[in-house]
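Novice: Order-wise, the sequence lines are chains A and B.
Numbering-wise (my numbering), the first sequence opens with residue 2 and increments by one.
Numbering-wise (my numbering), the second sequence opens with residue 865 and increments by one.
Bear in mind the hints are in silico, worked out from the structure with no lab data behind them.
Treat the hints with caution; some may be incorrect.
[Unchecked claim] Derived pair list, reagent style DMTMM-like, types lysine to aspartate or glutamate, alpha-carbon separation capped at 20 Å:
#, chain 1, residue 1, chain 2, residue 2
1, B, LYS1179, A, ASP93
2, B, LYS1019, B, GLU1008
3, A, LYS152, A, ASP259
4, A, LYS87, B, ASP1178
5, A, LYS69, A, ASP104
6, B, LYS1149, A, GLU201
7, A, LYS87, B, GLU1002
8, B, LYS1179, A, ASP280
9, B, LYS1179, A, GLU122
10, A, LYS181, A, ASP211
11, B, LYS1111, B, GLU1087
[As the list claims (entries may be wrong)] Here are some chain B residues pointing at chain A (derived, C-beta under 7 Å):
#, residue
12, GLY932
13, TYR933
14, TYR935
15, VAL1060
16, LEU1067
17, ASP1137
18, VAL1176
19, ASP1178
20, GLU1180
21, GLU1182
22, ALA1187
23, ASN1188
Here a beta-carbon is modelled for each residue, glycine too, at the ideal position from N, C-alpha and C.
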Amino acid sequence: MGWTRKHLLTIRELDGGEILTLIDTAASLQEIAGREIKKVPALRGKTVVNLFYENSTRTRTSFEIAGKWLSADVINFSASGSSAAKGESFVDTARNIGAMSPDVVVVRHSSPGAAALLAREMSCAIVNAGDGAHEHPTQALLDLLTIREKKGHFEGLSVAIVGDIAHSRVARSNIHGMRKLGMTVTVGGPPTLIPPYAQELGCKVAYRLDDAIRDVDVIMMLRLQQERMHAGLIPSLREYSRYWGLSLDKLRAHARSDVLIMHPGPVNRGVELSPEVADGPYSVILDQVAKGVAVRMAVLLLLAGSKSAEAA
Amino acid sequence: MSLVIRGGHVLDPANSVDAIQDLLIQDGKIAGLGPKLAVPQGTTVLDAAGKIVCPGFIDMHVHLREPGYEYKETVASGTRAAAAGGFTAVCCMANTSPVNDNRSITDYILAKARTDGVVRVYPIGAVTRGLEGKELAELAELAEAGCVGFSDDGKCVMNAELYRRAMEYTLPFAAPVISHAEDHTLSRGGAMHEGVISTELGLRGIPAAAEDVMVARDLVLAELTGAHVHIAHLSTAGAVRLVRDAKARGVRVTAEVTPHHLLLTDEAVRSWDANTKMAPPLRTKRDTEALVEALADGTVDCIATDHAPHAVADKEGEFDRAANGIVGLETAFTVLHDRLVRRGVLPLPTLVARLSRDPARLLNLTGGSLTVGAAADVTLIDPGATVTIDPARFASKSRNTPFAGWTATGSPWKTIVAGIIVWEA
Chain A
2 MGWTRKHLLT
12 IRELDGGEIL
22 TLIDTAASLQ
32 EIAGREIKKV
42 PALRGKTVVN
52 LFYENSTRTR
62 TSFEIAGKWL
72 SADVINFSAS
82 GSSAAKGESF
92 VDTARNIGAM
102 SPDVVVVRHS
112 SPGAAALLAR
122 EMSCAIVNAG
132 DGAHEHPTQA
142 LLDLLTIREK
152 KGHFEGLSVA
162 IVGDIAHSRV
172 ARSNIHGMRK
182 LGMTVTVGGP
192 PTLIPPYAQE
202 LGCKVAYRLD
212 DAIRDVDVIM
222 MLRLQQERMH
232 AGLIPSLREY
242 SRYWGLSLDK
252 LRAHARSDVL
262 IMHPGPVNRG
272 VELSPEVADG
282 PYSVILDQVA
292 KGVAVRMAVL
302 LLLAGSKSAE
312 AA
Chain B
865 MSLVIRGGHV
875 LDPANSVDAI
885 QDLLIQDGKI
895 AGLGPKLAVP
905 QGTTVLDAAG
915 KIVCPGFIDM
925 HVHLREPGYE
935 YKETVASGTR
945 AAAAGGFTAV
955 CCMANTSPVN
965 DNRSITDYIL
975 AKARTDGVVR
985 VYPIGAVTRG
995 LEGKELAELA
1005 ELAEAGCVGF
1015 SDDGKCVMNA
1025 ELYRRAMEYT
1035 LPFAAPVISH
1045 AEDHTLSRGG
1055 AMHEGVISTE
1065 LGLRGIPAAA
1075 EDVMVARDLV
1085 LAELTGAHVH
1095 IAHLSTAGAV
1105 RLVRDAKARG
1115 VRVTAEVTPH
1125 HLLLTDEAVR
1135 SWDANTKMAP
1145 PLRTKRDTEA
1155 LVEALADGTV
1165 DCIATDHAPH
1175 AVADKEGEFD
1185 RAANGIVGLE
1195 TAFTVLHDRL
1205 VRRGVLPLPT
1215 LVARLSRDPA
1225 RLLNLTGGSL
1235 TVGAAADVTL
1245 IDPGATVTID
1255 PARFASKSRN
1265 TPFAGWTATG
1275 SPWKTIVAGI
1285 IVWEA
């Protein structure tokens, strides 16, 4: 149950034991959120740099809170308002930040492989906070922690991931993680939003919403970006919503009564999720967000904490 | 001045020679070939026992980057890289800055080749002005100035009507139109081959169909116009099939393949190394197998490297933003000899033919044979030399190769252009 990796770049490269170590550590850190003084000294004297080249609310904020609750010094860098806006290359910026001796760099970037690139160029620990359509490991971990808390176990559960799979790093990280923990995954969406060779990732593919969500334990709806319409992948948001939006009627007609509804956010209410579903009793969307802080604390602790860390 | 190369294994596919012989060179020309040649007094003797003696290699697809991108490569450095790879002639593509779409640029390149170059340089002229795909470049004047073919390489001429006219207009010049066959509407934004790996990595893929669709179009246009169309850097099994069918019908089509498309697949992209990024992209095992078969049976006429030098800064950043292309001149023979010839996949005489006789034939160039009276462009190979590819030692200005660190056996030994040894290992 040890943790020996220097970086957290992908879920694909982890084995089931490593994923469980991260989730168990996160579970044990959850209670800090309920304390009056939300601070433990585990990362005192450590520096965490949030290097965000894409906009983010949830992920950046929760990494910042996680670092601060662990007493790390957290520095936020965003591409706008920095030398990146003056044309400095990503690699140059990384080398410069590396020269300031951070312990952990958390990176969000629109290019797949950006985190792996930093792992090659910098000597500190790198956490992938989303690299293009490649992976978003901490999102998958918080999703998994949410599922375990609600369902009590992983083995044998079935999950439908619905929407823009082709462009989704959340889908990729979750598919890898869920499969490694014994869950079965179906991806659903119009064929233009399902990547080629999706089955090769080890999941089933459904081209109708009712087929995707029938009898599954968990439904994870993905955000539909407006750009997909302009790229000719779907005719209109209206049509997408009609066939792929999850309404209460469709949910009651096709899904199990104890199904969990998840969404990595931000939700397009009325497009992929109707408001009654997003805010209804099946929804665990805000649980996911709360778990995000615990998961990111666990990641920072395992990567930067001293081996005898006294977390709690 | 005369030179005799004694006792080498002479491989001259154009004349079906495959034997231990002596090769005599006088005044820049092949003066004799045979066993134990008598030579004039004062002839320099080169002992080539154990070496292979073959016609100088010709790379019909190279980017010398001059004028305009001298920080990546120059005529001086690029021709030295060529010589170090056993190439005695290169054809340089038109995507310089300014573009080689008019006579003054062709003249400039040829002048640079005379003063700075160490191997023969044959410019390829642009098909359209500024490579913009809108109007024809001054093709007749480019041909007169010395361009041996026409290509907007790097870009595809998407306007089929304009491309048809380019094929027709160049009919009298005995110079092919060279297609960079890529439907940009299908490939837009893509950074690698569309397949299992692109799906896993989340990189936007370029489907094989982006090439197949355009090869099919160009074959139809070649049939319509009667023009000689040459397909650059063939990369897909589908395009191989199309070319094979067209050749069987008698269409005037020729094609080239690069060493990297023969030897590497999209698996290499998992490294996130931008030296695995080029256009067309590395495809799948099925494609490499089809390409090797096509090279062996002559469906693919020749090997070209698409030598595309880039500075470190063009390649070190994010994969999807990195420049396309890799250098190839200094590694081509070595990697192909080691991975195809030594493994019994391709006979050595075929490899030599595809590097010398065949490109010379399809572009009507000097060289490509050791016929008595021909220019003495000769490549000597040490088939037993084992090398580890070290980009730091390249003669090219650029280092962008996916073959760094490969250990391979069979390497150029000496390169002779017009009777002069221009490079030695």
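Novice: Let's test the interface hint: is any C-beta of chain A closer than 7 Å to that of ALA1187 (chain B)?
Specialist: It is violated, given that the least Cβ distance between ALA1187 (chain B) and chain A is near 13 Å, above 7 Å.
Novice: Double-check VAL1060 (chain B) for me: the hint is only fine if its C-beta lies closer than 7 Å to a C-beta in chain A.
Specialist: holds, 5 Å
Novice: Take the shortest C-beta to C-beta distance between VAL1176 (chain B) and chain A; is it under 7 Å?
Specialist: Violated, about 10 Å.
Novice: Given the hinted pair LYS1179 (chain B) and ASP93 (chain A), is their alpha-carbon gap at most 20 Å?
Specialist: With a Cα-Cα distance of about 13 Å, the restraint between LYS1179 (chain B) and ASP93 (chain A) holds, given a limit of 20 Å.
Novice: CA of LYS181 (chain A) to CA of ASP211 (chain A), is that 20 Å or under?
Specialist: violated, 26 Å
Novice: Regarding the hint that ASP1178 (chain B) lies at the interface with chain A, is the smallest CB-CB distance below 7 Å?
Specialist: violated, 10 Å
Novice: Under the criterion of a CB-CB separation shorter than 7 Å, is GLY932 (chain B) in contact with chain A as hinted?
Specialist: For GLY932 (chain B), the interface hint is violated, since the closest Cβ of chain A sits about 21 Å away, which is over 7 Å.
Novice: Taking 20 Å as the top limit, are the C-alpha atoms of LYS87 (chain A) and GLU1002 (chain B) close enough?
Specialist: Violated: LYS87 (chain A) and GLU1002 (chain B) sit about 40 Å apart, past 20 Å.
Novice: Given the hinted pair LYS69 (chain A) and ASP104 (chain A), is their Cα-Cα distance within 20 Å?
Specialist: holds, 14 Å
Novice: Report holds or violated for the interface hint on ASN1188 (chain B), using the least CB-CB distance to chain A and a cut-off of 7 Å.
Specialist: violated, 15 Å
Novice: Below or equal to 20 Å on CA atoms is what counts here, so check LYS1179 (chain B) against GLU122 (chain A).
Specialist: Given pair LYS1179 (chain B), GLU122 (chain A) holds - Cα atoms ~14 Å apart, limit 20 Å.
Novice: Please check whether TYR933 (chain B) passes as an interface residue: C-beta within 7 Å of a C-beta belonging to chain A.
Specialist: For TYR933 (chain B), the interface hint is violated, since the closest Cβ of chain A sits about 18 Å away, which is over 7 Å.
In this structure, the hints that do not hold are numbers 2, 7, 8, 10, 12, 13, 14, 17, 18, 19, 22 and 23, in rising order.
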